[in-house]
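> Listed here are the chains, written in short residue letters.
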Amino acid sequence: MTVEPTPKVVCQNIWKIFGPQGQSVIHAPATQASKAEILASTGQVVAVRDISFAVQKGETFVVMGLSGSGKSTLLRCLPRLIDPSAGHVLIDGQDIATMDQQQLRTIRRHKMSMVFQHFGLFPHRRILDNVAYGLEVQGMKKAERQARAQAVITLVNLQGWENHYPGQLSGGMQQRVGLARALAVDPEILLFDEPFSALDPLIRREMQDELLSLQEKMQKTLIFITHDFAEALKLGDRIAIMKDGEFVQVGTPQEVVLTPANDYVREFTKDVPRSKVLTAQNIMQPALTASVPGQSVPATLAVDDLLALVATTEQPLAVVNGADQVIGIVDRSAVLRALAGMVPLSLGDQQ
Amino acid sequence: MSTTTQPFTLVEPTPKRDLRGLIGLAVIVIGALAFMLLHPDPVVFPPSWNLHLRDPIDSFQSWVIGHRATHPLFVYFFNPFSAFIDARLRTLETFLLNLPWPVLLVTLVAVAYKAAGRRVAMLTLVSLLIMALFGLWKQSMATFALMGVAVFIALLIGIPLGILSARSPRFELVLRPVLDAMQTIPAFVYLIPVVLFFGIARVPSVIATVIYALPPAIRLTSLGIRQVAANTTEAADAFGSTSWQKLVKVQLPLALPSILLGINQTIMMALGIVVIAALIGAGGLGLEVLTALRNLQVGKALEAGIAIVLIAVIFDRISYGLSQESRDAIHHAAQTRAKQGQTKFSPRQANLLYWGGVIVVILLLVIADRTLLDLSTFPWRFSIRQPIDALVLWMRNNLYQIGDLPLGTGPFSDAMIRYLLTPLRDLLLIYLPWPMIVLGFAWLAFQAAGWRLAIFSALAILCLGLLGMWEQSMDTLSQVLVAVILAVVIGVPVGIGAARAPRFALIVRPVLDFLQTIPPFVYLVPVIMLFNIGRVPGIIASVLYAIPPIIRLTDLGIRQVAPNALEAADAFGSTSRQKLFKVELPLALPSIMLGVNQTVMMVLSMVIIAGLVGGGALGFEAVNGLAKSQMGRGLEAGLAILLLAMVLDRITQAWAVGEGK
Ligand SMILES: Nc1ncnc2c1ncn2[C@@H]1O[C@H](COP(=O)(O)OP(=O)(O)O)[C@@H](O)[C@H]1O
Ligand SMILES: [Mg+2]
Numbered sequence: 007m008t009v010e011p012t013p014k015v016v017c018q019n020i021w022k023i024f025g026p027q028g029q030s031v032i033h034a035p036a037t038q039a040s041k042a043e044i045l046a047s048t049g050q051v052v053a054v055r056d057i058s059f060a061v062q063k064g065e066t067f068v069v070m071g072l073s074g075s076g077k078s079t080l081l082r083c084l085p086r087l088i089d090p091s092a093g094h095v096l097i098d099g100q101d102i103a104t105m106d107q108q109q110l111r112t113i114r115r116h117k118m119s120m121v122f123q124h125f126g127l128f129p130h131r132r133i134l135d136n137v138a139y140g141l142e143v144q145g146m147k148k149a150e151r152q153a154r155a156q157a158v159i160t161l162v163n164l165q166g167w168e169n170h171y172p173g174q175l176s177g178g179m180q181q182r183v184g185l186a187r188a189l190a191v192d193p194e195i196l197l198f199d200e201p202f203s204a205l206d207p208l209i210r211r212e213m214q215d216e217l218l219s220l221q222e223k224m225q226k227t228l229i230f231i232t233h234d235f236a237e238a239l240k241l242g243d244r245i246a247i248m249k250d251g252e253f254v255q256v257g258t259p260q261e262v263v264l265t266p267a268n269d270y271v272r273e274f275t276k277d278v279p280r281s282k283v284l285t286a287q288n289i290m291q292p293a294l295t296a297s298v299p300g301q302s303v304p305a306t307l308a309v310d311d312l313l314a315l316v317a318t319t320e321q322p323l324a325v326v327n328g329a330d331q332v333i334g335i336v337d338r339s340a341v342l343r344a345l346a347g348m349v350p351l352s353l354g355d356q357q
Numbered sequence: 003m004s005t006t007t008q009p010f011t012l013v014e015p016t017p018k019r020d021l022r023g024l025i026g027l028a029v030i031v032i033g034a035l036a037f038m039l040l041h042p043d044p045v046v047f048p049p050s051w052n053l054h055l056r057d058p059i060d061s062f063q064s065w066v067i068g069h070r071a072t073h074p075l076f077v078y079f080f081n082p083f084s085a086f087i088d089a090r091l092r093t094l095e096t097f098l099l100n101l102p103w104p105v106l107l108v109t110l111v112a113v114a115y116k117a118a119g120r121r122v123a124m125l126t127l128v129s130l131l132i133m134a135l136f137g138l139w140k141q142s143m144a145t146f147a148l149m150g151v152a153v154f155i156a157l158l159i160g161i162p163l164g165i166l167s168a169r170s171p172r173f174e175l176v177l178r179p180v181l182d183a184m185q186t187i188p189a190f191v192y193l194i195p196v197v198l199f200f201g202i203a204r205v206p207s208v209i210a211t212v213i214y215a216l217p218p219a220i221r222l223t224s225l226g227i228r229q230v231a232a233n234t235t236e237a238a239d240a241f242g243s244t245s246w247q248k249l250v251k252v253q254l255p256l257a258l259p260s261i262l263l264g265i266n267q268t269i270m271m272a273l274g275i276v277v278i279a280a281l282i283g284a285g286g287l288g289l290e291v292l293t294a295l296r297n298l299q300v301g302k303a304l305e306a307g308i309a310i311v312l313i314a315v316i317f318d319r320i321s322y323g324l325s326q327e328s329r330d331a332i333h334h335a336a337q338t339r340a341k342q343g344q345t346k347f348s349p350r351q352a353n354l355l356y357w358g359g360v361i362v363v364i365l366l367l368v369i370a371d372r373t374l375l376d377l378s379t380f381p382w383r384f385s386i387r388q389p390i391d392a393l394v395l396w397m398r399n400n401l402y403q404i405g406d407l408p409l410g411t412g413p414f415s416d417a418m419i420r421y422l423l424t425p426l427r428d429l430l431l432i433y434l435p436w437p438m439i440v441l442g443f444a445w446l447a448f449q450a451a452g453w454r455l456a457i458f459s460a461l462a463i464l465c466l467g468l469l470g471m472w473e474q475s476m477d478t479l480s481q482v483l484v485a486v487i488l489a490v491v492i493g494v495p496v497g498i499g500a501a502r503a504p505r506f507a508l509i510v511r512p513v514l515d516f517l518q519t520i521p522p523f524v525y526l527v528p529v530i531m532l533f534n535i536g537r538v539p540g541i542i543a544s545v546l547y548a549i550p551p552i553i554r555l556t557d558l559g560i561r562q563v564a565p566n567a568l569e570a571a572d573a574f575g576s577t578s579r580q581k582l583f584k585v586e587l588p589l590a591l592p593s594i595m596l597g598v599n600q601t602v603m604m605v606l607s608m609v610i611i612a613g614l615v616g617g618g619a620l621g622f623e624a625v626n627g628l629a630k631s632q633m634g635r636g637l638e639a640g641l642a643i644l645l646l647a648m649v650l651d652r653i654t655q656a657w658a659v660g661e662g663k
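Residue numbers (my numbering), protein chains in the order written: chain A, 7 to 357; chain B, 3 to 663.
There could be a bad hint or two in this list.
To be verified - Chain A is faced by these chain B residues, among others (derived, beta-carbon under 8 Å): (1) Leu225; (2) Gln229; (3) Asp239; (4) Gly242; (5) Gln247; (6) Pro255; (7) Leu256.
Stated by the list, open to error - Using 30 Å as the maximum straight-line C-alpha spacing, the simulated DSSO-like pairs for lysine-lysine come out as follows: (8) A:Lys148 to B:Lys248; (9) B:Lys581 to A:Lys117; (10) B:Lys251 to A:Lys117; (11) A:Lys147 to B:Lys251; (12) A:Lys223 to A:Lys148; (13) A:Lys41 to A:Lys223.
Don't read these hints as lab results, they were simulated from the structure. Cβ atoms here follow ideal geometry from the backbone N, Cα and C, with glycine treated the same way.
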């Protein structure tokens, strides 16, 4: 095993309390009280309550929760657009709580960018100037920043629209501008606050796919907020389920779907087709030998995609990991059992 | 949880206050009756209570006059300041006057076309030609210069203050009441204190104008910045903008339409006072009107008055057009896109071409002026003085009394004085003992807003007497009341009509727009054509000047009544009349009250200006104080006007707000 690298983003015991004397609630006995009780007794809103997590470089961390659960507030604590009432945020091991405005601006200009739910575009600037905004405030020369912006506009397939204004674009296109604006400064961390919620389902799917393929190329650290469980499953390497300012469960999509922490989470997972979530690795039987005859499939292949394969052959399939080592086998009956909803043998080792 | 969730609250009537109010009223009425029985003689405000504020002010003024050349405050501050502004003013005026006249014409028309389209460009062209034909070019340039300098300074101060107040809630908290107070003060009153320090000249006019015209520039800048959507400014923050970058790159560009609207209002207010400032030496068109009025040369006054109105209209339309243009530019209305599609050039190229063309034309004109033609003065003349003077004469002879009938302006005027103005003034001045008036105001204020306002009002009204202005104040008050009643009696039905008949509204609205662009001073010209001088023309002018808000807000209030309330009224089989009286008017009442508030304030400011044409009362004292340089008296009158304005404003406003609840 290699040494665990420093996580890109670490949140330690973040609290955010809106209302008079936000600090007082945290250490008072009321800490145990529920959000509604605190609101009734003190008039304070506990938007984020004692949240800790860490995100590795290249990982996509999704926070999913219903409206009002505190997702936006949590996300805004990272670049300190909202000052947390308590707790620490470490970016590459640096605590941003102790930074002065100058250092904070440097972080915002170079390290992390944000994509907003309602796009937050500048209506008075052309698309080109919207995208170049981050570079402009860094102080980059006009020719250079416009060239960079042009490249990013091409990346998100908006070439030809540079000289239009946001008001002239459809919602989906506007959010491409929002994405391009965030990408233009080439940040290491991208924050998304429900970026696709305001879009039509069809456009939303298209944008999700595009984000996935971009991320495959870029390998940036993404923190993504959504209220759509399916979107969380589709995009997240790990998912946190948030309720009343707290994380109810954190885990991979499979973990969340297969072993919901409580009824609240189970309620979301009810309608999720298991065949989409379960992978070959989840339903395989450990291989006894290192070499198995027949076809081999990657460990991450979804059961849905296994169906066609096992339909055409009686032979068990070899499951191989990233290093092409055989780690198990699946056969037709394993796939059928999984479809029938019978509990899989193991969740596998998430190596 | 029960403490936080209240699905709806019943507004409980407050029987206590009503009862107390009635008892209060009863006490006042019985007291008044008892007092009148016991004292058959009129009870005047005791003259010995006069504080004689004028004495220290007069001696201060003599001190100022005596030390203007020696005291360091004047030598090192006021005088150089004054000289600086005067020099700028002179430069601008000379520049404008030395320009060949077609240059200014071309420039303004070109700006108007760009800002507001072909119609406004035509309007500008015709207006400027009329001013030139009337032989008022020179005076117009003087007014332009004065207005230009004042507006420039007002914006130079107002926009930064607006930015500051948008960014600092604490500063806003301090500034807001000051701006509120500034906007209740009639324009006239601003002239008095500046004259005390700067004497009579053009600079004090500029200073008074700047102060008077400042509030809209501040307010609309602040409002514009505040209205920038929170997610837009948040995005600016998220990308690491400094506070200056956020301001310059995001907030100010997005606030531009609002700021331009503020500039529009600043220009209009500046124009309103620049012409009154003729009283303290401003010159220009205002002086033209003033001297003509003093000599009763109605034709001459009308020409200058028309020129002022034309200036007001073109500057209003141009600056409003600019504001709209910038709003469209931000929101990129579909038409602007369509427009761009038709031309061969990009918008930027088209602009360059346009202004390039304008500059070439101007250069050609200048060259022509230097070589072939003499374009320094406008060669043609056309005057309406004689026909107007003849018309006035004819009206005096024929309209004053039509035949032997009790009809005509003369009997009308007499009737108004005999049956409205004089009885009301006598009631306030003679029949009602002065303490009853103080108590009466306190009672009204209490009804509107409670104890604090009651005490304030009582003290303020008492001060009218202490200033030695009791008699004049009651005279002014009686005129204000008559004008307000007339305005409401005419305005509310017109507003109802406009709300109910769209075709009528189509006629009314442009008329109101026009009435609201006319600077108050100019209203006096046509009314003295008809009514000669005295109290009545002032009242007529006040009604004309102050009627737009009451009409507009009645119209608006009725049109804003929720459609489902009207539907319900229809469903229960109400007649149109029942619907009006039982549903529409009661629901429109808060809006109408707001109209009354604005009307009262506008009437007051016009009644004061009417002091110039024989309106007497406080206005006369103020005018006289300014004209004869008796600052003590002028300042006393100014303070009395201020107090009266504050009391009337607070009470009517509280009343409107109370109705809104
Ligand atoms: N500025 C604020 N002041 C007071 N309460 C706030 C503020 N912002 C958010 N809240 C409250 O905090 C809670 C979480 O809000 P938010 O983070 O916007 O939730 P989400 O993004 O999950 O919908 C909500 O109850 C909301 O009302
Ligand atoms: Mg949110």
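> Now look at each hint and say whether the structure bears it out.
Okay, the hints, checked on the actual structure:
Hint on B:Leu225 is violated. Least Cβ distance to chain A is approximately 17 Å, over the 8 Å limit. At a threshold of 8 Å, the smallest CB-CB gap from B:Gln229 to chain A is about 12 Å, leaving the interface hint violated. With 8 Å as the threshold, the beta carbon of B:Asp239 comes within range of chain A, its nearest partner Cβ sitting at about 6 Å, so the hint holds. Look at B:Gly242: its Cβ gets to within about 3 Å of chain A, closer than 8 Å, so that hint holds up.
Taking 8 Å as the C-beta contact cut-off toward chain A, the hint placing B:Gln247 at the interface holds, the least distance being around 5 Å. For B:Pro255, the interface hint holds, since its Cβ comes within 8 Å of a Cβ in chain A; the closest pair sits about 5 Å apart. Interface hint status for B:Leu256: upheld, as the beta-carbon distance to the closest one in chain A is roughly 6 Å, under 8 Å. Only pairs whose Cα atoms come within 30 Å are accepted, and A:Lys148 paired with B:Lys248 is accepted, the gap being roughly 18 Å.
For a cut-off of 30 Å, the pair hint linking B:Lys581 to A:Lys117 is broken: about 64 Å separates their Cα positions. This hinted pair checks out: B:Lys251 and A:Lys117 have alpha carbons roughly 22 Å apart, not beyond 30 Å. Note on A:Lys147 and B:Lys251: the hinted pairing holds, with a Cα-Cα distance of about 16 Å set against a maximum of 30 Å. The straight-line distance between the Cα atoms of A:Lys223 and A:Lys148 is roughly 27 Å, inside the 30 Å bound, and the hint therefore holds.
A distance of roughly 41 Å separates the Cα atoms of A:Lys41 and A:Lys223; the hinted pair therefore is violated under the 30 Å criterion.
When held up to the earlier numbered hints, the structure conflicts with 1, 2, 9 and 13 and fits the remainder.
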